[in-house]
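Engineer: Letter by letter, the chains look like this.
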Amino acid sequence: MINMFFHNLKYTFKIIFKSKSLIFWTFAFPIILGTMFSFAFSDIEKKEQFEIIDIAVVNNPLKENEIWNTFLKELSKENENQILNIQYTDLKQATEWLEQEKISGILNLDSEEVLIVKKNGINETILKFAMEEMKQTETLLKTIIESPEEKQMLFQQNRNKLFENIEKIRQETTNSIKDISTNNMSYTMIEYYTLIAMTCLYGGLLGMIALQKDLANMGSVGKRSSISPTTKKTMILSSMVASYIIQIIGISLLFFYTIFILQVDYGNHFFLVILLTIIGCLTGLALGIFLASALKASENTKTGILLAVTMFGCFLSGMMGITMKYVVDKNIPFLNQINPANLITDGFYALYYYDTTERFYKNVVSLILITILLIGTSIIFLRRQTYDNL
Amino acid sequence: MTIFKTFLKILNKNKGIVILYSIILIFFAGFNLQTNDNTMQFEKEKPSIFIINHDPENTFTKEFVTYLKNNSEVVELEETKEAISDALFYRSVNTIIIIPESFGENFRNQKNPEIEIKCTGTYESELTKMMIARYFNVAKVFFSISSTEENFDKIKEIVEKEMKIEMTSKLNTQELKRVANYYNFANYSILAGCVYVICLILSSFKKENIKKRTIISSINEKNYNRILLIANSLFAMLLWFFYCFISFFLIGDIMFTKQGVGCMINSFVFTFCAVTISFFISNVLTNKNAINGVVNVLALGSSFLCGAFVPTELLPESVQKIAHFFPSYYFINNNEKITSLENWSLTNLTPILTNLMILLGFSFIFILFNNFLSKKRRKSS
Numbered sequence: 001m002i003n004m005f006f007h008n009l010k011y012t013f014k015i016i017f018k019s020k021s022l023i024f025w026t027f028a029f030p031i032i033l034g035t036m037f038s039f040a041f042s043d044i045e046k047k048e049q050f051e052i053i054d055i056a057v058v059n060n061p062l063k064e065n066e067i068w069n070t071f072l073k074e075l076s077k078e079n080e081n082q083i084l085n086i087q088y089t090d091l092k093q094a095t096e097w098l099e100q101e102k103i104s105g106i107l108n109l110d111s112e113e114v115l116i117v118k119k120n121g122i123n124e125t126i127l128k129f130a131m132e133e134m135k136q137t138e139t140l141l142k143t144i145i146e147s148p149e150e151k152q153m154l155f156q157q158n159r160n161k162l163f164e165n166i167e168k169i170r171q172e173t174t175n176s177i178k179d180i181s182t183n184n185m186s187y188t189m190i191e192y193y194t195l196i197a198m199t200c201l202y203g204g205l206l207g208m209i210a211l212q213k214d215l216a217n218m219g220s221v222g223k224r225s226s227i228s229p230t231t232k233k234t235m236i237l238s239s240m241v242a243s244y245i246i247q248i249i250g251i252s253l254l255f256f257y258t259i260f261i262l263q264v265d266y267g268n269h270f271f272l273v274i275l276l277t278i279i280g281c282l283t284g285l286a287l288g289i290f291l292a293s294a295l296k297a298s299e300n301t302k303t304g305i306l307l308a309v310t311m312f313g314c315f316l317s318g319m320m321g322i323t324m325k326y327v328v329d330k331n332i333p334f335l336n337q338i339n340p341a342n343l344i345t346d347g348f349y350a351l352y353y354y355d356t357t358e359r360f361y362k363n364v365v366s367l368i369l370i371t372i373l374l375i376g377t378s379i380i381f382l383r384r385q386t387y388d389n390l
Numbered sequence: 391m392t393i394f395k396t397f398l399k400i401l402n403k404n405k406g407i408v409i410l411y412s413i414i415l416i417f418f419a420g421f422n423l424q425t426n427d428n429t430m431q432f433e434k435e436k437p438s439i440f441i442i443n444h445d446p447e448n449t450f451t452k453e454f455v456t457y458l459k460n461n462s463e464v465v466e467l468e469e470t471k472e473a474i475s476d477a478l479f480y481r482s483v484n485t486i487i488i489i490p491e492s493f494g495e496n497f498r499n500q501k502n503p504e505i506e507i508k509c510t511g512t513y514e515s516e517l518t519k520m521m522i523a524r525y526f527n528v529a530k531v532f533f534s535i536s537s538t539e540e541n542f543d544k545i546k547e548i549v550e551k552e553m554k555i556e557m558t559s560k561l562n563t564q565e566l567k568r569v570a571n572y573y574n575f576a577n578y579s580i581l582a583g584c585v586y587v588i589c590l591i592l593s594s595f596k597k598e599n600i601k602k603r604t605i606i607s608s609i610n611e612k613n614y615n616r617i618l619l620i621a622n623s624l625f626a627m628l629l630w631f632f633y634c635f636i637s638f639f640l641i642g643d644i645m646f647t648k649q650g651v652g653c654m655i656n657s658f659v660f661t662f663c664a665v666t667i668s669f670f671i672s673n674v675l676t677n678k679n680a681i682n683g684v685v686n687v688l689a690l691g692s693s694f695l696c697g698a699f700v701p702t703e704l705l706p707e708s709v710q711k712i713a714h715f716f717p718s719y720y721f722i723n724n725n726e727k728i729t730s731l732e733n734w735s736l737t738n739l740t741p742i743l744t745n746l747m748i749l750l751g752f753s754f755i756f757i758l759f760n761n762f763l764s765k766k767r768r769k770s771s
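As given, the protein sequences belong to chains U and X, one line each in that order.
Anchor point for the first sequence: position 363 equals 363 in our numbering, and the numbering is continuous, going up by one each time.
Remember, our numbering sits 390 above the position in the second sequence when you count from 1.
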């Protein structure tokens, strides 16, 4: 019996490795897709962050408008808080630059301060914000100076001194906002996690193909296997072990590729990542066995259904747009709690983003339950399956 | 005519899969357009925030919270740690502001209380930080002079002062961005649709027996190829027509503008180019089972590289350089140019026309390759 186990194991390996399309979908496709993700997303978060904005200042009465000048100097000073890169020029030149999108806006300090922009956008919004801040501080100064209260003496009547004091308050204010954000905020990681989930579930294809050859109703090989003296249990078990080993090899390659080439961050819990992957692969295998045994259809239809189920699961867990996962998690949580692709994705997300492992284990337990359910149902379908004729 | 009829027969035989594939691709495009509204829009005027207020009764805190609410979009969330953390990670909220107990009292007494924030580090969260700092600044100045209730009105008056803004472009940039997004996605839908269907149909023409019979027939090789190209182009044009037709419903009236029509013309030229690419691939591919893999790799690859899914300006520079080798790049680049074009003078149109010429150039090269390969194959068989 052990001999037959290894014999079947060996031939399952051979069958799987000889199927080019199977190898493509389970080994090559995830790697290709991962590479594309990295092309598309590697800069997206960097570019989403704050950048220095180019503007032109025109009609600048340098001497008359000291408040604006001091502010502009402050905002364009080359340090970590720099917001603006300013060029002083005339209106004609500035309009030309704006048209060519060399600058994001023109600050016209003629009679009333006006900000000229070409369109709506990130830079334009920030620019509007910064300019408003200047305008408000200017009004603030005027309000205090014009106020009859003697208490303004606190600032002394020297206008420059007053301005300095406001600047001092501004510095203090920055210190009173305490940023307690965590570092692991890269949401594009979710894309790579769905990729791992997809690969785990695509592994079901291997299980499915391996099982087909043991089923009498699926082809001549199945018929011959069924009448051989080897027990069905041995045949199926050895086919599954072979598929699982190949699946683990495939996913390990993907892990190596994503960690060392694409620099994907899976958090700091190395063993838990492995645990989740091993269980995820098992769920994929169970899904493949379930579909192969439960459906009475051709091999192509079964493969199509498995691919469709996997892709739909990945779609709900954020592969085609990260927002989708959040929308489903928030509005139809049940759907994502029974979706293996999401449970795997969410498990990686929990390890990456959360300090505690509570959410992670919840996902792992759900995955185990789904796997047991799928295998249990498959056993019911497979046992005592005998045919008088076919 | 015989070839054309055969083409239609095969198309009819495969109609199920062809219709299904076309609908799925167009559905993807529509869906992408809807979700893009949430993920790729940077034009939000107001940053989205969530406030955890441990000092709700204090007047100062109340005023501050009202100011925040007026100047940002306060997202409604369940007040559990998990819900809040998830919202921040998925950018549903950009900043979480935690107001500590007795904050208002301490602020009025100039004890410099700290406010805690959790943010995504994006420009929106920077805006929120600036917004908070602005309020504190003004409030501190007034409270350092006196701590009367009148201060609230003065603070309010100042922080609500707005800057006068003039916008030079009269274009509806928000709507036009949707047009560009939809037509950029066409790179995937049209390319995948054409390659898949055309390769599927042509594989039937390439069956050993049929091929041999065609070779010994009197029909000229070039003529044969030309009729097949026209027949397949007809299918592709149908796909293009549907894609454009649906855009009127999904995007709306803006499709009737010059920019909308420009994008349709651009996608027409690209569809032709996609047909020639499909021909080329069907000539190179010998295995029918490989079609699915090639379609996915080619359509997804060029879409990711050339900016169909993610705006080109967000792609790394090296990727943008590689993208120049793909026709998709010129198609997508043209969509961006057309939707931001205000003055339709010849000078401004030149770069767009150049891109169209490049697309036609690509098509010409593929046709040449195609004729060369099929001639070579014919001789060898």
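By construction, these hints were calculated from the structure, which means they are not laboratory data.
Incorrect hints may have been included.
DSBU-like cross-link-like pairs, simulated, lysine-lysine; straight-line CA separation at most 35 Å [stated by the list, open to error]:
1) X:K519 with X:K544
2) U:K142 with X:K596
3) X:K554 with U:K119
If you want the ones that stay clear, here's a sample from chain X, every Cβ over 12 Å from chain U, calculated [to be verified]:
4) F394
5) T449
6) I486
7) I488
8) T518
9) A529
10) K551
11) L566
12) I636
13) F658
14) V700
15) L705
16) S770
If you're wondering where the values come from, they're calculated on a predicted model, not measured in any experiment.
Even glycine gets a Cβ: it sits at the ideal position worked out from N, Cα and C.
Engineer: So which hints don't hold here, by number, going up?
Structural biologist: Of the numbered hints given earlier, those the structure breaks are 2, 6, 7, 8, 9, 10, 11, 14, 15, listed in rising order.
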